[in-house]
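Heads up: the sequence lines are chains A and B, in that order.
Using the numbering used here, read the first sequence as starting at 2 and increasing by one per residue.
Using the numbering used here, read the second sequence as starting at 2 and increasing by one per residue.
Worth flagging that the hints you see were computed from the coordinates, not collected in a lab.
Treat the hints loosely; a few may be bogus.
Just so you know, same-sequence chains aren't split out, so a pair can sit in one copy or run between any two.
[Said to hold, decoys possible] DSSO-like cross-link-like pairs, simulated, lysine-lysine; straight-line CA separation at most 27 Å:
hint : residue 1 : residue 2
1    : K152      : K115
2    : K181      : K24
3    : K98       : K152
4    : K200      : K152
5    : K200      : K92
6    : K152      : K199
7    : K24       : K152
8    : K44       : K98
9    : K199      : K44
10   : K181      : K114
11   : K44       : K58
12   : K92       : K114
13   : K5        : K181
14   : K58       : K200
15   : K200      : K44
16   : K98       : K181
17   : K115      : K98
18   : K58       : K181
19   : K5        : K44
20   : K24       : K199
21   : K199      : K5
22   : K152      : K181
2 protein chains.
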Amino acid sequence: MQEKGLLIVLSGPSGVGKGTVRKEIFSQPDTSFEYSVSATTRKPREGEVDGVDYFFKTREAFEEMIENDQLLEYAEFVGNYYGTPVDYVRKTLDEGKDVFLEIEVQGAGQVRKKFPEGLFIFLAPPSLSELENRITIRGTETAELIQCRMKAARDELEMMELYDYVVENDQVELACERVKSIVVAEHCRRERVQYRYKKMLEVD
Amino acid sequence: MQEKGLLIVLSGPSGVGKGTVRKEIFSQPDTSFEYSVSATTRKPREGEVDGVDYFFKTREAFEEMIENDQLLEYAEFVGNYYGTPVDYVRKTLDEGKDVFLEIEVQGAGQVRKKFPEGLFIFLAPPSLSELENRITIRGTETAELIQCRMKAARDELEMMELYDYVVENDQVELACERVKSIVVAEHCRRERVQYRYKKMLEVD
Numbered sequence: 002m003q004e005k006g007l008l009i010v011l012s013g014p015s016g017v018g019k020g021t022v023r024k025e026i027f028s029q030p031d032t033s034f035e036y037s038v039s040a041t042t043r044k045p046r047e048g049e050v051d052g053v054d055y056f057f058k059t060r061e062a063f064e065e066m067i068e069n070d071q072l073l074e075y076a077e078f079v080g081n082y083y084g085t086p087v088d089y090v091r092k093t094l095d096e097g098k099d100v101f102l103e104i105e106v107q108g109a110g111q112v113r114k115k116f117p118e119g120l121f122i123f124l125a126p127p128s129l130s131e132l133e134n135r136i137t138i139r140g141t142e143t144a145e146l147i148q149c150r151m152k153a154a155r156d157e158l159e160m161m162e163l164y165d166y167v168v169e170n171d172q173v174e175l176a177c178e179r180v181k182s183i184v185v186a187e188h189c190r191r192e193r194v195q196y197r198y199k200k201m202l203e204v205d
Numbered sequence: 002m003q004e005k006g007l008l009i010v011l012s013g014p015s016g017v018g019k020g021t022v023r024k025e026i027f028s029q030p031d032t033s034f035e036y037s038v039s040a041t042t043r044k045p046r047e048g049e050v051d052g053v054d055y056f057f058k059t060r061e062a063f064e065e066m067i068e069n070d071q072l073l074e075y076a077e078f079v080g081n082y083y084g085t086p087v088d089y090v091r092k093t094l095d096e097g098k099d100v101f102l103e104i105e106v107q108g109a110g111q112v113r114k115k116f117p118e119g120l121f122i123f124l125a126p127p128s129l130s131e132l133e134n135r136i137t138i139r140g141t142e143t144a145e146l147i148q149c150r151m152k153a154a155r156d157e158l159e160m161m162e163l164y165d166y167v168v169e170n171d172q173v174e175l176a177c178e179r180v181k182s183i184v185v186a187e188h189c190r191r192e193r194v195q196y197r198y199k200k201m202l203e204v205d
């Protein structure tokens, strides 16, 4: 029996550097997971290949996918749809390969509902580590600015709730290493490994 | 406030290569955790330093440690006691450093009771991955031998129950990398990280 792959979801506040971390991860030759190709209604740019860069769809085809629940998550930006086709994800997981999604926090919420067993990684802004200093240096900031920062920090904290892991994006290389370590560790979890042995021994 | 370190417990069936993996881990310059020095009643060998190789104790002093519950775990081999002083472990964890223990499965059970929050890693023999083949190649083995192997596999499986992670020792370098990845991942767990932020925001 083929063991299923892991669904890895990297998300976090906008501007945190998700795309940069994803590109760095996939530029490394030892990365063994598959990047999930998105579907879009945007026109292909020169050199873009259907099924590699995106699955290019008409608006009608995309809306049909929405209606038929064929998207793990989707959103509309500047008049174009972007989404994650569930078929590709399921097929790749069934082949025993780990699938990597890099999506917005709204999308991550949608994915969690359909794949509660996914591995949800919150990419945290590097500034969070400096938050304590920034907040507690009193007298140098107006009370209003401190309040504003506290509110932003609390909002980010609430977004974290949904996630299994928090990776600080202090340095892109370090953030990548952490993401890859998390995937290695998850593959070693006893529940995951033991199930395989148990099944094997039951069969015999 | 200093965040506490992780207690990392590497154990597994005897002969699996725990010592080899531990030595490899501590030979790597980027290893950031502390090796827990054992106490023993064995006489120091030439070159061995008290507090570095072992804490050398008299039999009376060791038995007093047992009575005073000052050992995380202990056992007697060939007329000498060996054990893990709890003071060193607590002190090092309190300093925010990760502590690494390499111990026998019996000792791991004792540690789990005192440190349920520890990170328990089961080092599995490389043969486990070949088990399926070995068991299912029929006709080439006596029924008795197959039964014997099934029993051994089931016993190992039961020993795994106590652990959070299972690391296969197929290659020492790979096993080390997995152990270190598990520690990196555990430091990124949301419960661990979020607590820190929450505490920080409450204080202010």
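Evaluated hints:
no.: 1; hint: K152 - K115; in the structure: neither (30 Å within a copy, 39 Å between copies)
no.: 2; hint: K181 - K24; in the structure: both (13 Å within a copy, 24 Å between copies)
no.: 3; hint: K98 - K152; in the structure: neither (40 Å within a copy, 32 Å between copies)
no.: 4; hint: K200 - K152; in the structure: between (49 Å within a copy, 15 Å between copies)
no.: 5; hint: K200 - K92; in the structure: within (22 Å within a copy, 42 Å between copies)
no.: 6; hint: K152 - K199; in the structure: between (48 Å within a copy, 12 Å between copies)
no.: 7; hint: K24 - K152; in the structure: neither (31 Å within a copy, 47 Å between copies)
no.: 8; hint: K44 - K98; in the structure: neither (29 Å within a copy, 53 Å between copies)
no.: 9; hint: K199 - K44; in the structure: neither (49 Å within a copy, 44 Å between copies)
no.: 10; hint: K181 - K114; in the structure: within (24 Å within a copy, 31 Å between copies)
no.: 11; hint: K44 - K58; in the structure: within (9 Å within a copy, 76 Å between copies)
no.: 12; hint: K92 - K114; in the structure: within (19 Å within a copy, 43 Å between copies)
no.: 13; hint: K5 - K181; in the structure: both (18 Å within a copy, 24 Å between copies)
no.: 14; hint: K58 - K200; in the structure: neither (42 Å within a copy, 47 Å between copies)
no.: 15; hint: K200 - K44; in the structure: neither (47 Å within a copy, 48 Å between copies)
no.: 16; hint: K98 - K181; in the structure: both (14 Å within a copy, 23 Å between copies)
no.: 17; hint: K115 - K98; in the structure: within (18 Å within a copy, 38 Å between copies)
no.: 18; hint: K58 - K181; in the structure: neither (32 Å within a copy, 43 Å between copies)
no.: 19; hint: K5 - K44; in the structure: neither (34 Å within a copy, 52 Å between copies)
no.: 20; hint: K24 - K199; in the structure: neither (38 Å within a copy, 31 Å between copies)
no.: 21; hint: K199 - K5; in the structure: within (16 Å within a copy, 35 Å between copies)
no.: 22; hint: K152 - K181; in the structure: neither (31 Å within a copy, 36 Å between copies)
Of the numbered hints stated above, those contradicted by the structure are hints 1, 3, 7, 8, 9, 14, 15, 18, 19, 20, 22, listed in ascending order.
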